[in-house]
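Chains as they are written, first to last, in my numbering: chain V, 155 to 321; chain Z, 411 to 601.
There may be inaccurate statements among the hints.
[Claimed, not checked] A partial selection of chain V residues facing chain Z, derived with a Cβ cut-off under 8 Å:
| # | residue |
| --- | --- |
| 1 | Gly-175 |
| 2 | Gly-190 |
| 3 | Gly-193 |
| 4 | Ile-201 |
| 5 | Thr-233 |
| 6 | Phe-241 |
[Stated by the list, open to error] In silico DSSO-like pairs for lysine-lysine, Cα to Cα no more than 27 Å straight-line:
| # | chain 1 | residue 1 | chain 2 | residue 2 |
| --- | --- | --- | --- | --- |
| 7 | Z | Lys-482 | Z | Lys-546 |
| 8 | V | Lys-256 | Z | Lys-482 |
| 9 | Z | Lys-547 | Z | Lys-482 |
| 10 | Z | Lys-482 | Z | Lys-423 |
| 11 | V | Lys-256 | Z | Lys-591 |
| 12 | Z | Lys-482 | Z | Lys-543 |
[As the list claims (entries may be wrong)] Some chain V residues flagged as far from chain Z (calculated, every beta-carbon gap over 12 Å):
| # | residue |
| --- | --- |
| 13 | Tyr-157 |
| 14 | Asp-159 |
| 15 | Leu-161 |
| 16 | Tyr-199 |
| 17 | Val-263 |
Just so you know, the hints here were simulated from the structure itself, not pulled from any lab data. Keep in mind the model is a prediction, meaning the values are calculated, not measured. Backbone N, C-alpha and C fix where the C-beta goes; we use that ideal spot for every residue, glycine too.
Each chain, letter by letter, is given below.
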Amino acid sequence: MIYFDLLIGFLKVGLFVFGGGYGAIPLIRDVVLSYGWIGDEMLTYMIAVSESSPGSIMVNLATYVGSAQAGFWGALIATTAVALPSFIIVLRLMLLLNRLLKNPYAQAVLQGLKPCIISSFCTAVTFPQTIIWFFRMLRSAASVTCTSPAVPAPGRMASSLRRCRII
Amino acid sequence: MNILLDLFLTFAKIGLFTFGGGYAMISLIENACVERKRWITHDDMMNITVIAESTPGPIAISCATFVGYRQKRLAGAVAATIGVILPSFGVIFLISMGFDRFLEIAWIAHAFMGIRIAVGILILDAAVRMIRKMQKKPVPLAIMAGSFHAMLLADILAQRVSSIALMLIAAVISLAVFRMKGHAGKAGESG
């Protein structure tokens, strides 16, 4: 049954993708192709849409594939399945974590890991940041021109820019 | 305001304004949870980042569960997680309903053909980044070359090789190498 397949398929994705983001895409492609749900071409469209929408790529793809296969309930089941392993694992970790963090060895390890995380974060963040800046620029450009409905003539553009206190 | 509602709304806002997922979300969470709401400290934030990267699944879920649990245990974790998923669920679900008809418009279909190329490049870019970050030691390199060739062969021969199986094999190999090195070290010390 499709609901069961969606559940198992996306449980696998949620359980075996480390590091999030694009790492999920090969595994999702694997699952989708193996069940024969969606072709490569349509999958690429879905990836494009999932990337341009808010939220994490993995969750968005799960929602999209679930919805394409089995409507609202399919989307719900797939999304829950993809989130569930991570949710449960982090909860389990939290129970251990309080004890773990007090351990001096664990403290030492974390101290060493922190600079690594910072540097990897810096390199990883530059790409999504450029996308975010691009959207911010688009948004500010739109809000400037939107104060006058028609294509602004130079005079109206200047007055709307003045109103937005850019000039 | 009820703390559960607060968690839900805060994470809904975070989920709504993160484009591109993952690391971009971490800076939003830092802003909302550490600086404005003071739910967690900067130290906690670093711990969350480590945890989120080491655990499977979306980074958003790991972070939301962590912060939610800190505030109100299981109920908080559930509230925050549902909050972070809900906006994107709604958006994607709506898009998925209309997308086929959307694609019937000629110029949109053509635009998406171009977008497909961009998606391919983005994925390639992510792969290049990961390769750069990877340690250039013999075992990881060998595993990378081996799995790449395995998947290439699988594509050419039109067989299906499960990514999960490849990952598990790689894990077993690196574990075995680690243990062999351990044994060699011990032999050197005692011999």
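Hint check:
no. : hint                  : verdict
1   : Gly-175               : holds (4 Å)
2   : Gly-190               : violated (11 Å)
3   : Gly-193               : violated (12 Å)
4   : Ile-201               : holds (5 Å)
5   : Thr-233               : holds (6 Å)
6   : Phe-241               : holds (5 Å)
7   : Z:Lys-482 - Z:Lys-546 : violated (43 Å)
8   : V:Lys-256 - Z:Lys-482 : holds (21 Å)
9   : Z:Lys-547 - Z:Lys-482 : violated (44 Å)
10  : Z:Lys-482 - Z:Lys-423 : holds (19 Å)
11  : V:Lys-256 - Z:Lys-591 : violated (31 Å)
12  : Z:Lys-482 - Z:Lys-543 : violated (37 Å)
13  : Tyr-157               : holds (16 Å)
14  : Asp-159               : holds (15 Å)
15  : Leu-161               : holds (15 Å)
16  : Tyr-199               : violated (6 Å)
17  : Val-263               : violated (9 Å)
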